[in-house]
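Work out the full structure: start from the sequences and follow the hints.
Number of protein chains: 4
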Amino acid sequence: MSNKPKIVEVTSLGQPRFVSPLRRSIRPGEGKAAFLPDDLYVRYAVEQLGETATDEELLFQKAGPRERIYFDPAQTRAAIVTCGGLCPGLNDVIRSVFLELHMNYGVPEVLGIRYGFQGLNPRVGLPPVRLTLDMVEDIHQQGGTILGSSRGPQDISVMVDFLAAERIDILFCVGGDGTQRGAHAIAEEVRRRGLNIAIVGIPKTIDNDIPYCDRSFGVLTAVDEARKVLDCAHNESKGVRNGIGLVKLMGREAGFITAAATVASQDVNFTLVPELTFELHGEKGFLAVLRQRIIARHHAVIAVAEGAGQHLFHGLPVERDASGNIKFHDIGLLLKEEITRYFDQHGPKVEVKYIDPSYIIRSVPANTEDGALCDQFARRAVHAAMAGKTDVLIGYINTKFVHVPIAMIAGQKRRMSLEGELWASVLSATGQPQSFQ
Amino acid sequence: MSNKPKIVEVTSLGQPRFVSPLRRSIRPGEGKAAFLPDDLYVRYAVEQLGETATDEELLFQKAGPRERIYFDPAQTRAAIVTCGGLCPGLNDVIRSVFLELHMNYGVPEVLGIRYGFQGLNPRVGLPPVRLTLDMVEDIHQQGGTILGSSRGPQDISVMVDFLAAERIDILFCVGGDGTQRGAHAIAEEVRRRGLNIAIVGIPKTIDNDIPYCDRSFGVLTAVDEARKVLDCAHNESKGVRNGIGLVKLMGREAGFITAAATVASQDVNFTLVPELTFELHGEKGFLAVLRQRIIARHHAVIAVAEGAGQHLFHGLPVERDASGNIKFHDIGLLLKEEITRYFDQHGPKVEVKYIDPSYIIRSVPANTEDGALCDQFARRAVHAAMAGKTDVLIGYINTKFVHVPIAMIAGQKRRMSLEGELWASVLSATGQPQSFQ
Amino acid sequence: MSNKPKIVEVTSLGQPRFVSPLRRSIRPGEGKAAFLPDDLYVRYAVEQLGETATDEELLFQKAGPRERIYFDPAQTRAAIVTCGGLCPGLNDVIRSVFLELHMNYGVPEVLGIRYGFQGLNPRVGLPPVRLTLDMVEDIHQQGGTILGSSRGPQDISVMVDFLAAERIDILFCVGGDGTQRGAHAIAEEVRRRGLNIAIVGIPKTIDNDIPYCDRSFGVLTAVDEARKVLDCAHNESKGVRNGIGLVKLMGREAGFITAAATVASQDVNFTLVPELTFELHGEKGFLAVLRQRIIARHHAVIAVAEGAGQHLFHGLPVERDASGNIKFHDIGLLLKEEITRYFDQHGPKVEVKYIDPSYIIRSVPANTEDGALCDQFARRAVHAAMAGKTDVLIGYINTKFVHVPIAMIAGQKRRMSLEGELWASVLSATGQPQSFQ
Amino acid sequence: MSNKPKIVEVTSLGQPRFVSPLRRSIRPGEGKAAFLPDDLYVRYAVEQLGETATDEELLFQKAGPRERIYFDPAQTRAAIVTCGGLCPGLNDVIRSVFLELHMNYGVPEVLGIRYGFQGLNPRVGLPPVRLTLDMVEDIHQQGGTILGSSRGPQDISVMVDFLAAERIDILFCVGGDGTQRGAHAIAEEVRRRGLNIAIVGIPKTIDNDIPYCDRSFGVLTAVDEARKVLDCAHNESKGVRNGIGLVKLMGREAGFITAAATVASQDVNFTLVPELTFELHGEKGFLAVLRQRIIARHHAVIAVAEGAGQHLFHGLPVERDASGNIKFHDIGLLLKEEITRYFDQHGPKVEVKYIDPSYIIRSVPANTEDGALCDQFARRAVHAAMAGKTDVLIGYINTKFVHVPIAMIAGQKRRMSLEGELWASVLSATGQPQSFQ
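Chains as they are written, first to last, in the working numbering: chain E, 7 to 443; chain Y, 7 to 443; chain R, 7 to 443; chain C, 7 to 443.
Keep in mind that the hints are not guaranteed to be accurate.
Straight-line alpha carbon distances no greater than 27 Å define the calculated DSS-like cross-link-like pairs of lysine-lysine that follow [said to hold, decoys possible]:
hint, chain 1, residue 1, chain 2, residue 2
1, Y, Lys12, R, Lys419
2, C, Lys234, Y, Lys234
3, Y, Lys333, E, Lys342
4, R, Lys419, Y, Lys38
5, Y, Lys342, E, Lys342
6, Y, Lys290, R, Lys38
7, E, Lys38, C, Lys419
8, R, Lys234, R, Lys290
Which stretches of chain R does chain C cover? Using the computed rule of at least three CB atoms under 8 Å from a CB of chain C, they are [claimed, not checked]:
hint, region
9, 179-185
10, 225-238
11, 333-347
12, 362-375
Label pairs and their calculated CB-CB ranges [what the hints assert, rightly or not]:
hint, chain 1, residue 1, chain 2, residue 2, range
13, R, Asp140, C, Ser441, 36 to 42 Å
14, C, Ser441, R, Gly131, 34 to 40 Å
15, Y, Met414, R, Glu172, 55 to 61 Å
16, R, Asp336, Y, Glu143, 41 to 47 Å
Source of the hints: derived by calculation from the structure; they are not laboratory data. Idealized CB from N, CA, C, for every residue including glycine.
The structure is reproduced here in structure tokens:
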């Protein structure tokens with residue numbers, strides 16, 4: 007509290023030159039939806055111990071419509087691209103970006119880039135589609151992305167050539183860490199060439215691990231689906247004597263989904279996340295604790311995040327996917343094998359039912375909450391772009407949407423604090439010990 | 007039509023000696039729910055070509071409450087056992103058997119046998135629980151089985167000893183082919199010893215392959231869940247260039263679920279079932295046809311029943327599970343590998359997303375239709391048992407419930423006719439060729 | 007069984023002149039999906055008491071693809087119209103009719119008639135739309151009808167003029183009793199004028215009351231939704247001391263939905279249907295029985311079909327809606343008032359929560375089972391029309407689809423037998439007495 | 007930012023005397039779930055315009071487990087009461103309060119008070135039930151409240167007598183504004199008598215209108231259900247020519263649910279909330295704007311909060327319910343009538359489909375998000391009570407749970423700002439004007 011919080015600066019293409027066509031009040035305080043000034047900030051740190059903030063003291067610019075905008079809507083050509091793996095809500099984002107641009111700002115042409123960054127590389131031969139009202143009207147009720155997606159980067163220079171050649175003024179990049187790194191590189195190349203193209207990121211991370219984004223779209227839907235799977239595992243585990251339901255959930259470096267699904271389900275007995283180092287063997291190791299539970303209650307449910315326990319694969323070779331992400335060793339299969347071997351040896355006889363629902367979760371339509379969240383991210387991204395902000399990502403902190411410079415999140419991962427609210431709830435709900443070692 | 011249909015005889019413990027406590031009209035035709043006479047029959051064959059029936063000409067006794075019953079409700083002790091893998095609706099069946107016995111007939115004690123036939127073997131050490139209204143009240147909203155289940159047989163003689171020792175008058179056996187074989191063996195041993203114990207089967211088969219049972223409980227729920235997974239596979243397949251969604255569904259020897267889910271989903275392009283012999287390779291083989299589709303449309307969804315294409319594993323050793331069922335080779339993984347290899351060789355590059363949702367489907371609660379069906383099976387099983395019918399299974403033909411001697415279904419599997427309504431609908435919906443060879 | 011069943015004759019436009027383009031086997035018995043001959047029949051009566059059938063002994067022609075067809079697909083122009091109130095599955099039917107005609111038969115043009123029969127009257131000014139693959143691709147996931155609907159008839163002669171002027175060869179009429187009366191009148195006028203236009207009906211009745219149609223589309227979805235509402239009523243009734251949840255469901259003259267939802271829900275205590283005459287007052291009247299329940303258990307759930315208890319409004323004037331249907335007096339409101347008054351007088355104090363979910367149920371998307379059923383009705387309607395059948399409705403008996411002359415159902419309503427399977431299940435599930443008088 | 011934020015003081019029964027049995031780290035910063043110190047605060051105001059906070063500068067004590075507690079778990083007797091109308095999640099709260107007390111703290115006895123405050127008045131004759139693990143195990147999957155509820159107050163003195171006589175140490179009051187006023191009065195009477203009874207409130211408001219509680223449990227579930235109903239209204243409105251779907255949603259003084267459901271649905275054209283004053287008549291009145299929409303698009307969906315437009319009833323008498331809440335005039339029915347009359351007069355002919363889903367929404371089970379939220383509120387209420395906090399409510403601000411003195415919220419209602427994020431999203435999604443006057 008003692009320190010003056012630091013204002014996080016956002017890059018602009020230049021001075022806004024046009025009056026926004028949106029019907030908003032120009033004066034806050036009149037009790038009407040209003041344009042927001044650039045000096046309206048949202049504080050990042052809200053917790054303090056005594057007089058000391060427990061988090062970075064930052065002020066982010068609040069996202070929202072500006073009274074004066076940089077682009078002339080009637081002359082603007084915008085494009086949107088979706089990258090990486092599927093995530094519930096992609097279609098909702100596409101739809102709301104289109105609707106806000108087209109219906110509210112009056113932008114005549116919005117392009118959909120096909121199959122991720124590949125669609126920005128003309129050599130791949132996948133030209134953009136021109137979005138229409140008919141095309142997007144009902145897509146928010148469908149999972150997947152109508153534009154298609156792909157993993158991995160393309161040559162930055164080629165993509166900027168394409169943007170310039172196609173006279174695209176605004177590019178919305180919907181994607182995760184890798185995508186935003188790409189978006190940032192595009193923005194830098196655009197700046198280097200002195201082009202007036204706004205690059206605005208919309209965070210997509212089913213793992214919920216992008217910094218300055220308390221909740222990204224698709225996460226609640228994923229938790230919803232994960233909970234159903236945990237319920238199934240619970241039923242399977244109780245359906246036989248000494249049944250063990252083992253579910254591998256999303257979460258490469260952050261256990262948010264696994265933890266939230268645990269708390270929602272209330273039927274999980276052990277939750278293993280990347281943030282938690284645990285041992286399998288030994289007196290206080292996971293397997294011994296699991297065995298105590300089986301002997302006492304004759305069934306157990308385990309939820310494990312895909313990124314958990316990677317230290318157990320120590321010494322094995324590291325592989326990477328097309329996006330450059332490390333390919334994780336399969337902790338689910340490892341646990342299944344180790345559990346089976348352990349109980350074969352120590353008894354009693356158990357039956358392990360292993361469920362890996364990944365694709366089923368990623369491809370469902372956004373649920374109600376995520377539908378609303380997508381709409382809010384998307385429209386604020388449009389406001390930012392129309393106002394000429396660039397190299398910026400829409401963040402979401404303390405229930406407010408803010409502008410975050412993309413560079414600020416690049417290579418950073420938000421992780422779940424084992425000292426935080428969510429993990430405390432996991433411990434309460436599972437009754438599991440603080441550590442397995 | 008020319009032949010006189012044959013009446014299917016049902017075994018009884020003896021002459022009914024008591025008046026049913028149910029409030030039903032004793033005279034049909036009065037416009038009130040009535041007791042059914044034993045000579046009310048349901049015809050099995052309903053289709054005829056010209057004047058010739060295309061199916062067996064059988065008359066089954068209609069299931070339902072009888073005016074006179076064999077057991078004195080106040081003195082009756084009943085038990086229920088659930089066997090084999092999970093299937094949506096088990097709890098609904100347990101609940102309705104209990105409620106009909108206890109609330110409507112006034113049977114004081116209904117036992118729940120724990121973990122399948124294991125619970126009838128006292129050496130295993132899992133004594134039955136006494137069911138109560140509180141215990142069962144809301145269980146129809148949960149998947150799984152509150153009694154637990156297990157696979158595999160137990161010694162018949164030991165189980166009959168147990169029934170006799172526990173003075174159990176009625177045993178309801180909820181299970182599939184193997185379970186009903188066990189039930190039949192118990193009924194025969196009971197008869198040999200001159201005991202008065204009614205053994206009544208309730209068919210449980212998520213594959214829907216029990217004869218004289220057009221629809222068994224859990225099947226529609228499974229189709230429901232399978233459809234959702236197919237929708238996911240559809241979204242995944244369209245989410246990338248040349249994406250292939252591959253879903254393995256239930257169906258060891260019958261393709262009912264895979265076919266029905268295909269028709270419901272309307273997004274499947276290829277449906278492979280055990281009844282259909284297909285080749286992978288060759289000019290008209292599956293892989294070549296799939297490639298044509300990918301080249302033309304850039305995505306495809308394949309639904310394959312677990313029992314399909316077992317001829318492709320010719321020469322591999324045969325294993326069996328605890329129930330004595332042949333362990334199937336994994337057609338899903340085989341297809342995934344073969345598709346990947348084929349396209350690696352012939353192009354274009356594809357991405358195969360393989361989904362195996364088995365546990366997720368088996369363990370959900372019964373949907374509305376199955377809830378109602380379970381209730382109807384269960385209460386008719388109670389009527390049959392109270393009337394002294396034994397060695398009998400509740401069947402369901404032409405929308406009516408009937409009594410089927412268990413021996414009549416033992417070792418028989420109902421299969422989906424490739425000439426029938428459902429497969430024709432699959433061909434219409436997928437547009438796939440009649441054969442892949 | 008003694009009588010020879012009567013074959014139900016179906017009208018044809020004339021001798022089929024073209025070879026079907028569908029890839030089906032021409033010989034049944036080869037284990038492949040085959041064309042069906044006209045002399046393949048489905049028997050209606052399946053139940054018999056001793057040797058006497060308990061139902062009409064009729065043989066219906068089985069619906070399905072014919073080897074030879076009447077219309078040349080390349081020259082055919084078809085149209086589809088949806089009439090009356092919303093029902094889950096209308097879009098599924100539109101979609102599958104289009105797909106079967108266009109993709110499988112190769113019919114180039116399929117028109118969608120706007121807003122029911124109004125769209126066949128050019129004076130109303132709502133020209134048909136030409137359906138496309140893009141337009142229908144995902145509509146089965148939406149409730150309502152993309153064509154719109156309306157109630158009430160239009161001038162028959164004007165509509166036939168329109169069909170002739172637009173050179174429409176086939177008209178599919180999706181609707182209930184009134185719509186099918188209209189379809190029949192159109193077919194007769196077509197015949198009178200010597201035109202070659204096939205009129206094929208697809209039964210739409212959320213009340214499930216069209217004869218020779220064991221289950222019409224939308225019904226299971228309605229039961230599904232109704233069950234959820236009954237669960238809500240159950241929770242509301244238990245949420246307060248002496249709470250009464252009262253739910254009015256669909257069912258003008260038939261209680262199928264109310265009964266089926268009761269059996270599925272298992273939480274209803276009283277089910278009132280049009281087929282059941284009941285008294286409110288008197289010692290055995292409904293109110294006295296309800297009061298006993300409240301005193302004993304302190305809550306109750308009542309499911310009442312909208313057409314139940316109309317005799318209680320004796321003496322009040324009769325009104326009709328645009329379709330000519332009698333407007334029912336509101337039994338839900340009457341019950342609410344009478345219950346409140348009765349308990350005010352006799353005690354204890356109760357709280358009545360009245361729920362009327364009609365619109366919410368009619369407008370949801372078809373569930374899985376209904377999706378599959380719609381597809382099957384629709385494609386068989388196309389097969390019938392292409393083969394030149396006319397003045398015919400697709401029926402569904404004993405799990406088979408058949409051709410039913412429209413005249414045979416006109417003015418007839420299927421009602422739920424109080425002696426049948428479903429009502430017996432209601433009595434078991436509710437424990438209510440056979441009558442309230 | 008210039009002002010030093012004010013710390014909000016919380017009342018305690020006294021110095022904590024016992025060591026918490028919870029397995030938490032005693033030192034924050036060790037990367038383990040830890041006990042929280044009393045001087046850990048959460049800042050309420052996070053937004054600032056330039057250097058000026060736009061909201062109250064308050065610091066709330068963070069809720070969570072304390073290392074030292076006031077009550078000796080083994081000697082503690084706790085009770086929980088649920089009051090007012092149903093809200094999704096009540097059972098989840100009951101369950102988690104029980105589980106945290108019983109399983110984690112080891113409190114032997116937890117009582118469930120029956121039917122709201124009535125159960126604290128022994129003259130009503132509804133003694134508490136003793137909660138058990140069996141009783142609560144699966145209740146989070148059910149809507150309603152297993153304890154029952156009621157509206158309205160009871161004599162404070164009588165209730166405190168009861169608490170004292172029953173030797174209850176902790177009372178959890180789950181309810182809205184009225185309930186918390188009661189809880190505060192009880193806490194004051196307890197203090198006056200010098201008793202050591204902790205009174206802890208858990209906010210229950212389906213309208214989401216309790217101050218210092220950004221999201222209360224049940225709200226997201228309500229939005230979820232409301233969205234489904236809006237989808238239905240959309241389908242109904244498009245199903246006929248000039249159809250108008252009109253849905254009345256919850257929201258007596260705050261439009262949160264109506265607004266959020268609008269944004270989630272994306273198919274609403276007009277959203278009317280209590281915070282917005284609007285005129286029906288006149289050139290810019292609601293009816294004229296609606297008519298423009300109907301003429302242009304031939305269908306419309308209106309979502310209206312129950313508390314909207316109460317000024318239109320000016321002059322009518324005011325009634326109150328048992329809880330003392332003003333009974334609102336039915337804006338839904340008024341709109342239906344006014345719309346019908348207006349279009350009858352000005353044309354075109356419209357069809358209004360009015361849906362009032364209140365009970366259906368309130369009584370469903372909590373969805374995934376609310377399930378998790380309930381658990382978090384409940385366990386933090388237990389931590390607060392065990393630590394001896396009293397006269398305190400669990401609040402939820404900026405994604406953190408905090409202690410709020412009950413007196414601070416009494417008689418206050420949180421309202422949706424028309425200048426805020428949510429209403430801006432409504433305007434974007436509906437395209438409606440800022441005002442109708």
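To see whether the hints hold, each was checked on the structure:
For the proposed pair Lys12(Y) and Lys419(R), the alpha carbon gap of about 34 Å is over 27 Å, so the pair is violated. About 18 Å separates the Cα atoms of Lys234(C) and Lys234(Y), which keeps this hinted pair within 27 Å; it holds. Proposed proximity of Lys333(Y) and Lys342(E) is supported: the alpha carbons are some 20 Å apart, at most 27 Å. Between Lys419(R) and Lys38(Y), the direct Cα distance comes to roughly 19 Å. Compliance with the 27 Å bound is thereby established for this hinted pair.
Distance hint between Lys342(Y) and Lys342(E) is fulfilled; the C-alpha atoms sit about 22 Å from each other, no more than 27 Å. About 17 Å separates the Cα atoms of Lys290(Y) and Lys38(R), which keeps this hinted pair within 27 Å; it holds. In summary, the hint linking Lys38(E) to Lys419(C) is supported, as the alpha carbons are separated by about 19 Å, within the 27 Å threshold. Taking the CA atoms of Lys234(R) and Lys290(R), the gap is near 30 Å; set against the 27 Å cutoff, the hint is violated.
Three residues within the 8 Å Cβ limit are the bar, and the region 179-185 of chain R against chain C gives 0, so the coverage statement is violated. For the region 225-238 of chain R, the proposed coverage by chain C is satisfied: 4 residues have a C-beta within less than 8 Å of a C-beta in that chain, meeting the threshold of three. Counting residues of the region 333-347 of chain R whose C-beta sits closer than 8 Å to any C-beta of chain C gives 0, which falls short of three, so the coverage hint is violated. A stretch counts as covered by a chain when three or more of its residues have a beta carbon under 8 Å from one of that chain; for the region 362-375 of chain R and chain C the count is 6, and the coverage holds.
A C-beta distance of roughly 39 Å is found between Asp140(R) and Ser441(C), which places it inside the suggested range of 36 to 42 Å. At roughly 35 Å, the beta carbons of Ser441(C) and Gly131(R) sit within the given window of 34 to 40 Å. Between Met414(Y) and Glu172(R) the Cβ separation comes to about 57 Å, which falls inside the hinted range of 55 to 61 Å. The hint said 41 to 47 Å for the Cβ distance between Asp336(R) and Glu143(Y), and at roughly 33 Å that hint is violated.
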